[in-house]
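Peer 1: Those protein sequence lines, which keep their order, are chains A and B. Taking this note's numbering, the leading residue of the first sequence gets 1, the next gets one more, and so forth. Taking this note's numbering, the leading residue of the second sequence gets 338, the next gets one more, and so forth.
Bear in mind the hints are in silico, worked out from the structure with no lab data behind them. Ideal placement from N, C-alpha and C gives every residue a C-beta, glycine not left out. There may be inaccurate statements among the hints.
Examples of chain B residues toward chain A, derived with CB under 8 angstroms [to be verified]:
{"hint": "1", "residue": "384"}
{"hint": "2", "residue": "413"}
{"hint": "3", "residue": "452"}
{"hint": "4", "residue": "562"}
{"hint": "5", "residue": "590"}
{"hint": "6", "residue": "616"}
Simulated crosslink set (BS3-like; lysine-lysine; CA at most 25 angstroms straight-line) [as the list claims (entries may be wrong)]:
{"hint": "7", "chain 1": "A", "residue 1": "61", "chain 2": "A", "residue 2": "132"}
{"hint": "8", "chain 1": "B", "residue 1": "593", "chain 2": "A", "residue 2": "256"}
{"hint": "9", "chain 1": "B", "residue 1": "343", "chain 2": "B", "residue 2": "376"}
{"hint": "10", "chain 1": "B", "residue 1": "398", "chain 2": "A", "residue 2": "61"}
{"hint": "11", "chain 1": "B", "residue 1": "645", "chain 2": "B", "residue 2": "398"}
{"hint": "12", "chain 1": "B", "residue 1": "343", "chain 2": "B", "residue 2": "398"}
Now for the letters of each chain:
Protein chains: 2
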Amino acid sequence: MAVTLKDVAERAGVSRSAVSRTFTEGASVSDKTRRKVEKAADELGYSPNALASSLTTGRTKLIGLVSNNFHNPIFLEVFDLFTRGLQDRGLRPLLVNLSHEVDPANSVRMLRQYSVDGVIVASSTLPPSFAKAFRDAGVPVVHSFGRRASMPEVHVVGIDNQECGRMAAQTLIDRGYTRVSFLGGPERATSTQDRLIGFMDVMQGNPGMTVSHSFASEYSFDAGRAEMIRLLTSDPAEAYFCGDDVLSIGALSAVKDAGLSVPGDIGIIGLNDMEMAGWENINLTTIRQPIGEIINSSIELVVATVDKPDRTPEARLFPCRIVERGTLRPPAYPVSP
Amino acid sequence: MAVTLKDVAERAGVSRSAVSRTFTEGASVSDKTRRKVEKAADELGYSPNALASSLTTGRTKLIGLVSNNFHNPIFLEVFDLFTRGLQDRGLRPLLVNLSHEVDPANSVRMLRQYSVDGVIVASSTLPPSFAKAFRDAGVPVVHSFGRRASMPEVHVVGIDNQECGRMAAQTLIDRGYTRVSFLGGPERATSTQDRLIGFMDVMQGNPGMTVSHSFASEYSFDAGRAEMIRLLTSDPAEAYFCGDDVLSIGALSAVKDAGLSVPGDIGIIGLNDMEMAGWENINLTTIRQPIGEIINSSIELVVATVDKPDRTPEARLFPCRIVERGTLRPPAYPVSP
DNA sequence: CCCGTTTTTGCAACCGGTTGCAAAGTGGCG
DNA sequence: CGCCACTTTGCAACCGGTTGCAAAAACGGG
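From just these sequences and the hints, can you work out the full model?
Peer 2: This is the structure:
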């Protein structure tokens, strides 16, 4: 059925090694044989079996892409960028959908069976120990959107979530809000924990503020909406920092359904700046997370780690910035730059 | 580095075949050796190399998942269902992002290099010839969300887009609209072409109607919005059948920004019933495409085709139905059921 | 034209598994 | 206990490639 090295070798009248060499970078073949081989290969429609060659070279060019969030539209953007970025470098994404699984054992075993060259864990909710399980199994791994650490145990690429919390807090203060709240994602998500820490950090330094917080059950529209509906039943805050754009959009929907106006009655600031945040019927003020840079950097780092597995784990953090749109009232008074 | 069959065999004091057999379904091994082997494997942390075994068995359990739409949120749902469905059957999705590529040659070559057992092309825009290229290369293929055909050249699973067009048309007529329009996706997308055909089909049978149509440049929010902004500049229709929910949502945003009300001034009906269509701030009346059933059926069909490559190509079509929400005015008069 | 150097080539072993086949082992039954 | 049928086991070849090594070929200089 499939045409192999041997078929090409016979047709070209050379040895199998000669054929193999014409298809491997930097191997020693004369122009004459190369032409003969290429001709034969063309005629037979031959292309080398990547899996067979991986046996001896030890490289499959497969990269495991592990994620657990298929309900947040930002992940479509994430998958788009990851798959394109990997393809551009000749790598192939092998997708793993964790759903609600939190034990890494299965994914580790599965990805080892397929001899992936490396793994990218794309999740802002999984703990560092998840990615660590790959490292312990000898699989190069990068945790994208993971928790920062000064001495990380695995490579992490993402943002400083505490800093984002502080940034959101300071923004709300600058806008003159005094009764504020953090509407986070699931309490177990590391990103939510860190954003809360940063938010509270700043708030506690400002005595005049009334501060509260609560958690949505997951990073999704429905969860954000449900939580905001609950909050609106009893003395809501003036402004909310939602732990994610998709929560913000859910919250927005609840606020508007309650007949309240944004930002007139209630202010909302999100985090991510996903595509939808810019849609004119949403127009969400948010903190932009530079996912393109995070993803490119993650790919670059995993590739580097494949070449040099003992690289000491590093944390690459990218700065975030406020994207001003229409869900927060303008500054009450001039703010120092 | 990695622990192999041989290591396990030595430690267990048996032959390599014995080890191989304990790990292959239905092979003949005594309980005694099986236990010895399992113990040794456990101690060494062995798990068989799926790629090496694929060399002899001819099965990799890899399924190529090819798509070209990473801007329509429905595809996040699609990826979620595909990856989970494949995983549940012990298969692994190898993702291919076509971006704007329309030539199948690259994907075919790449997926053959990785010896995928089968391929699922998930796209409502690519022509049947795209999937056909895989079949011609001897790779089992199913086209999900593809174009229906009475004698298809490859397996197709999806909906009858012409029928959906008719359904939308009839619905608008039943609601008493007389000036209507089809706002499609890209003109080259087969789904758009077919929906338009069905829509016109019914309209032409109703002399009282004023009908027009136009195309958005792609299936995305921005394209839908841009097209609707253009339409609003000159004598818009009373109601639009948008070729996709994400177009509808873009269109909705444009309509509302123009200070018009929905469904008061303009009615909109979409197609897909993606998660967001049900969000309370969108609340889109739409035609539900049963993507869960389509995806399960696609997986089942590709698996069956792997076992029996010469199966004659079939088209599996699933019925759609109207999901009534808030963007179309209620029936003007009683409608026969 | 000869000889030393460099390039190209094929052989054969190997990567990590599977599998047909024949030999060895096991069990049942008369 | 002996015979037969059935199960289990190991050997060796194979899957589709790669690669170290030594032989062969090509090249360059005198």
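Peer 1: Taking the earlier hints as the rules, which of them does this structure contradict?
Peer 2: Going through the list in order, the structure violates no hint and respects every one.
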